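Based on the sequences and whatever the hints tell you, model everything.
Protein chains in written order, with the working numbering: chain Z, 1 to 680; chain S, 1 to 179; chain R, 1 to 309.
Take every hint as true, because none was put in to throw you off.
Within a straight-line C-alpha distance of at most 30 angstroms, the following computed BS3-like cross-link-like pairs (lysine-lysine) qualify:
1. Lys112/S with Lys49/R
2. Lys267/R with Lys29/R
3. Lys168/Z with Lys113/Z
4. Lys108/Z with Lys474/Z
5. Lys385/Z with Lys562/Z
6. Lys284/R with Lys267/R
7. Lys30/S with Lys29/R
8. Lys112/S with Lys36/R
9. Lys29/S with Lys49/R
10. Lys29/R with Lys49/R
11. Lys30/S with Lys49/R
12. Lys36/S with Lys49/R
13. Lys562/Z with Lys49/R
14. Lys29/R with Lys29/S
15. Lys112/Z with Lys30/Z
16. Lys36/R with Lys36/S
17. Lys112/S with Lys562/Z
18. Lys36/S with Lys562/Z
19. Lys267/R with Lys164/R
20. Lys385/Z with Lys308/Z
21. Lys30/S with Lys36/R
22. Lys30/Z with Lys108/Z
23. Lys29/S with Lys36/R
24. Lys36/S with Lys29/R
25. Lys128/S with Lys98/S
Distance ranges between label pairs, derived from CB positions:
26. Asn34/R with Cys166/S: 26 to 32 angstroms
27. Val185/Z with Ile299/R: 41 to 47 angstroms
28. Val547/Z with Phe259/R: 31 to 37 angstroms
No lab work stands behind these hints, which were simulated from the structure alone. All figures in this text were calculated on a predicted structure; none of them were measured in a lab. For every residue, glycine included, the Cβ atom is placed at its ideal position computed from N, Cα and C.
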Amino acid sequence: MFEYIISPNGLFLLLALFAIGACGSLVFWKNDSLANWWSSIFALSGSLFGLVFSTEILTHGALPAFQIPTTFPFLSLAFHVDYLSAFFIFLISLISCACSLYAFGYVKQFYKKYNIGSLGFFYNLFIASLILVVTAQHALFFLIVWELMSLASYFLVIFEHDHGENVKAGSLYFIMTHIGTAFIVCAFLMMYWVSGSFDFDVIRQHASLFSPFMQSAIFLCALVGFGVKAGIIPLHIWLPSAHPAAPSHISALMSGVMIKMGLYMLVRICFDIFSPGQAWWGLVFLVLGSLSSLLGVLYALAEHDLKKLLAYHSIENIGIILLGFGSSLIFLSAGFPTLAAIGFIAALYHTVNHAIFKGLLFLGAGSVISQMHTRNIEHYGGLIKVMPVTAFFFLVGSLAISALPPLNGFVSEWLTFQSLFQGVGNFNMVTTMIFLLSIGALAFTGGLAAACFVKAFGITFLARPRSTQSTLAKESGAGMQMGMGLLAVCTLLFGICAAPIGDFLRKITMSIPGFVKTPLEPIMFDLLNIGNNFASVSMPALFFTMVFFLIFLGTLVTILCKNRRVHTGRTWDCGSDLNSRMEITATGFSRSLIVIFRSLLRPHRTADVEYYDKKSKYFPAKSELTFELHDVYRTYIYNAFEKITRNISDQVKKIQTGNINGYIAYIFLALIILLLSLAL
Amino acid sequence: MYAKIFSIKNNLISPNPHQGVGGILSLGKKIHALTKKLFSGSLAIRVVTAGSTNACEQELVALGNAFYDVERFGVHFVASPRHADMLIVTGPVSRNMKEALIRTYEAMPEPKIVVALGDDAIDGGLFKGSYATEDGAAQVIPVHYQIPGDPPSPLEIMNSLLQILCDLDAPIRTKRIKP
Amino acid sequence: MNSFFILALQWLCIPLLSPLCIGLTRSVKARLQNRKGASVIQPYKDIWKLFQKDEVISRDASWIFRCAPYIVFATTLMVSAYVPLVTTALANSFTGDFLVVIYMLMLGTFFLALAGLDVGSPFGGFGSSREMMVAALTEGGLVVSLFALAFLSHTTNLFEISAKVGELLVSHPAPILFAFISFFICLLAETSRYPFDNPSTHLELTMIHEAMILEYSGKRLALMEWAAANKYLFFIVLGAQLFFPFGMAHTLNFGDIIFSFGILVIKIFAFCACIAVIESSIAKLRIFRLPDLLFTAFIISIVAIGLSL
Chain Z
1 MFEYIISPNG LFLLLALFAI GACGSLVFWK NDSLANWWSS IFALSGSLFG
51 LVFSTEILTH GALPAFQIPT TFPFLSLAFH VDYLSAFFIF LISLISCACS
101 LYAFGYVKQF YKKYNIGSLG FFYNLFIASL ILVVTAQHAL FFLIVWELMS
151 LASYFLVIFE HDHGENVKAG SLYFIMTHIG TAFIVCAFLM MYWVSGSFDF
201 DVIRQHASLF SPFMQSAIFL CALVGFGVKA GIIPLHIWLP SAHPAAPSHI
251 SALMSGVMIK MGLYMLVRIC FDIFSPGQAW WGLVFLVLGS LSSLLGVLYA
301 LAEHDLKKLL AYHSIENIGI ILLGFGSSLI FLSAGFPTLA AIGFIAALYH
351 TVNHAIFKGL LFLGAGSVIS QMHTRNIEHY GGLIKVMPVT AFFFLVGSLA
401 ISALPPLNGF VSEWLTFQSL FQGVGNFNMV TTMIFLLSIG ALAFTGGLAA
451 ACFVKAFGIT FLARPRSTQS TLAKESGAGM QMGMGLLAVC TLLFGICAAP
501 IGDFLRKITM SIPGFVKTPL EPIMFDLLNI GNNFASVSMP ALFFTMVFFL
551 IFLGTLVTIL CKNRRVHTGR TWDCGSDLNS RMEITATGFS RSLIVIFRSL
601 LRPHRTADVE YYDKKSKYFP AKSELTFELH DVYRTYIYNA FEKITRNISD
651 QVKKIQTGNI NGYIAYIFLA LIILLLSLAL
Chain S
1 MYAKIFSIKN NLISPNPHQG VGGILSLGKK IHALTKKLFS GSLAIRVVTA
51 GSTNACEQEL VALGNAFYDV ERFGVHFVAS PRHADMLIVT GPVSRNMKEA
101 LIRTYEAMPE PKIVVALGDD AIDGGLFKGS YATEDGAAQV IPVHYQIPGD
151 PPSPLEIMNS LLQILCDLDA PIRTKRIKP
Chain R
1 MNSFFILALQ WLCIPLLSPL CIGLTRSVKA RLQNRKGASV IQPYKDIWKL
51 FQKDEVISRD ASWIFRCAPY IVFATTLMVS AYVPLVTTAL ANSFTGDFLV
101 VIYMLMLGTF FLALAGLDVG SPFGGFGSSR EMMVAALTEG GLVVSLFALA
151 FLSHTTNLFE ISAKVGELLV SHPAPILFAF ISFFICLLAE TSRYPFDNPS
201 THLELTMIHE AMILEYSGKR LALMEWAAAN KYLFFIVLGA QLFFPFGMAH
251 TLNFGDIIFS FGILVIKIFA FCACIAVIES SIAKLRIFRL PDLLFTAFII
301 SIVAIGLSL
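Below, the structure written as structure tokens:
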């Protein structure tokens with residue numbers, strides 16, 4: 001049976017499950033509940049099969065490339081499921097499994113308001129296209145499924161189309177993703193021009209034909225093109241509006257998985273096809289990674305829309321993943337494959353970890369938002385008493401994203417730190433300085449992320465309710481709790497079993513062409529050991545000592561103080577009545593950090609006062625104070641591009657004279673030029 | 001200057017011959033011994049100014065200065081009633097402070113002692129019968145001990161503290177302690 | 001077996017000695033103010049008395065408020081096992097990494113900040129906000145200053161760093177000194193000392209650490225205060241044994257360990273006295289000046305690494 005799974009039929013079965021889910025959901029669109037159940041069950045079974053499929057491949061061996069020829073010229077549906085693809089399929093399946101479990105209960109709030117059939121259709125299509133993206137081997141086929149993925153996600157972003165800002169977010173996403181696709185097409189065309197084929201295998205074999213200039217040009221186009229999808233600053237402007245607009249389980253998939261697709265292909269190009277790459281590519285990655293991580297977390301601190309906050313944290317974590325890939329690329333091009341492997345493993349590990357804990361956080365946010373009917377955390381508060389299970393899972397997600405031991409975020413940040421530490425002192429001054437600044441950026445990011453999640457968790461769940469809706473909220477349903485619980489258990493497991501997973505990732509790394517020649521020693525069962533005892537940590541030991549100390553302390557104190565009573569009373573308020581206005585607000589919590597980083601964030605406040613009598617200005621009727629951050633990217637980058645494009649269009653418009661005689665003259669001119677070129 | 005870390009004598013300011021500096025030390029030793037016995041060596045005091053003229057506060061603040069230095073006897077002032085063992089109330093409890101005083105009392109964990117410091121806190125003192133006061137802390141919260149004086153000097157406060165601690169040691173139901 | 005015994009002693013040592021350090025610091029400060037102050041064992045009496053009191057817990061608090069003291073104290077206990085206290089022969093490859101130590105303490109700070117937010121009082125809220133601001137910015141300086149040492153000794157294990165810095169102090173004094181200055185600033189920040197925070201203030205508007213524990217009483221308050229003392233001693237021992245590891249034992253020989261412990265006690269006294277003198281000499285900085293100081297610490301440690309390249 002396993003031979004059946006590890007074969008092209010396995011992949012087709014996987015895709016078929018999602019296809020049936022999609023079509024069936026559309027067929028049953030009139031019956032909301034049936035459509036939801038159909039699509040969720042098939043998505044769930046598809047993801048479970050995907051988990052089995054990918055683990056089989058990772059343990060038993062990669063699938064050789066196979067293709068289905070088509071009648072279109074230039075196009076052949078070529079698939080290749082190697083270790084890296086299998087790893088990404090595992091990632092996609094894990095997150096979609098949790099999201100499908102979650103969708104059973106979550107989608108109920110959209111019944112009778114929106115078309116559930118289309119939601120199920122696009123959801124299954126989206127997951128299927130994600131799987132196709134990581135297995136596509138032919139550039140044109142890749143572009144087709146890439147476009148499919150973008151379209152499916154676009155329709156999912158504008159699903160709640162009654163809200164105008166969702167549609168606007170969708171349009172921005174649509175435009176940005178097509179700008180990215182344009183650059184990707186450029187990169188692929190350049191690859192075709194030199195190597196003569198669209199197939200990645202063929203391009204890899206002819207990699208030596210590419211001059212360094214050509215390679216760098218392709219790298220830059222790919223960086224911009226895939227960077228738009230990945231959300232690297234400054235190409236990220238669609239992310240903070242599109243991820244909140246989609247339904248929460250879709251946001252989890254988009255944030256946890258889709259943005260990694262950009263990184264997937266970037267990694268393929270740099271490490272796989274053009275290995276060993278050039279050193280300055282790694283430096284670009286490091287610089288962009290540091291910038292993305294620091295700016296992402298700073299913008300997240302300023303947000304009090306819960307999902308926008310999580311979206312900015314995705315940008316931050318993409319930055320951290322880029323730091324790992326960057327250091328790996330630098331080592332690889334300098335000829336240190338063993339050290340490069342550390343960075344690669346760190347980046348892959350952080351990819352899967354981020355998908356898990358970001359998915360968990362988005363699902364938790366979805367539960368809260370579906371009860372509160374607003375994304376503004378200033379209206380939350382005290383939810384831990386009415387939604388204890390959701391609060392606990394959200395806490396686990398917050399601990400994981402702040403990289404606190406013993407959860408998974410800590411392990412991948414530890415690995416990223418170690419790979420950056422190795423870089424100091426091995427290279428010239430510029431590279432060393434960039435490594436040092438990356439270490440500093442990563443250290444600050446860790447602390448600032450923890451600050452942001454104290455704010456997010458604390459303001460949402462703790463203290464007293466800040467609005468009446470908080471008192472009316474109810475705990476999420478069983479399906480939603482199961483989905484979140486699955487991911488929460490995964491955060492713990494991926495943290496404790498760091499060494500076996502590190503070993504798995506080492507196997508994946510060794511399959512990438514650049515690393516194939518390096519003998520990487522296998523990692524011991526419980527110990528992660530880097531570079532000849534430079535650093536080592538044992539996550540199971542950490543976890544068990546923590547549990548031991550907690551239990552030991554708890555019993556000791558209970559025995560010591562068993563005669564003491566605990567009374568419940570009022571919060572100490574210095575004698576004044578505490579109402580919800582007196583608790584700290586989200587804006588107030590992060591205000592000090594925003595003021596500290598004001599040169600990066602450019603906060604500004606506008607005060608608006610409306611008077612009863614404009615002349616006498618004594619009695620204000622309404623006073624409004626707005627704190628915002630200048631959108632630096634729109635003002636300086638995108639508006640500039642827009643202005644240039646408009647100016648060029650205005651000039652080009654002059655061709656359209658509106659005069660029939662002019663147009664006949666154009667046709668005549670074209671005819672003469674054609675005849676001349678034929679003659680020559 | 002740093003040598004004085006090692007050479008601080010028990011009193012630095014030249015003593016007022018009428019005060020009897022030796023008296024502070026012997027008083028303090030007794031307070032220390034009783035604090036050790038009753039409060040494990042650490043008495044935490046929370047002071048609430050319930051509409052007082054601040055004269056009593058000045059004397060309490062003087063208790064912490066370099067001359068009286070009540071900290072060396074294990075007695076210290078804390079910032080929150082949740083951290084405190086003893087509540088000292090000064091002032092005749094104005095109407096605005098009534099609720100605050102009750103909440104402070106409820107916020108303190110058991111075991112707790114309430115001391116009314118100064119004539120104002122005992123029964124209203126100068127302001128007895130006024131429409132704006134409650135005529136003493138005993139009308140608002142249960143008061144265990146009273147220290148009379150308007151205001152009592154730091155030495156008198158220390159003396160009364162000693163009497164309070166003696167009383168706690170051997171439980172006698174006297175409510176009013178004369179110096 | 002010997003090593004287990006010594007490891008267990010190390011776990012007990014820091015919690016047992018930490019109130020003494022707090023008492024010592026307060027005593028030196030009092031003497032600089034021309035008064036005698038409380039005895040050096042006063043903090044022990046404070047903690048012991050608090051364990052015997054009842055508690056009053058707010059209605060608005062949730063399980064996070066009730067569990068946070070245990071988690072904070074447990075994290076300080078855990079990191080005290082990873083610090084090279086008396087001997088470097090306890091080096092194990094399991095958990096001695098300096099990043100583990102920093103992030104474990106961050107776990108404690110996370111729960112402390114959540115506990116401050118949990119009761120819904122304005123003091124706890126802004127205490128948590130300020131604490132997270134200072135903690136987030138201290139991370140950078142702390143990681144890079146300890147990395148400077150790790151870079152010089154080619155290992156990130158705290159025990160092995162301590163073993164190697166002894167020789168390195170003679171050959172590379174400048175980077176180690178710069179890294180120490182940066183580490184010392186981060187020590188003052190993490191342990192809520194001047195110029196970052198006043199540990200004995202009564203004014204809530206000026207509190208950072210104290211504001212978050214205003215709501216605690218009884219045994220939980222005792223645990224929180226003790227955990228803060230543990231963190232103080234932990235950072236002092238880290239500073240003493242990593243940057244100036246004179247007299248550290250390199251074996252598990254009993255005599256060596258006693259000698260090493262004696263020298264450690266002298267170093268701890270020196271540190272406590274220094275911190276007390278600093279606290280008596282400078283004023284608390286305005287809160288928006290603190291990031292300048294913390295970024296300076298970060299830059300000094302980058303300079304330290306630059307000097308050692």
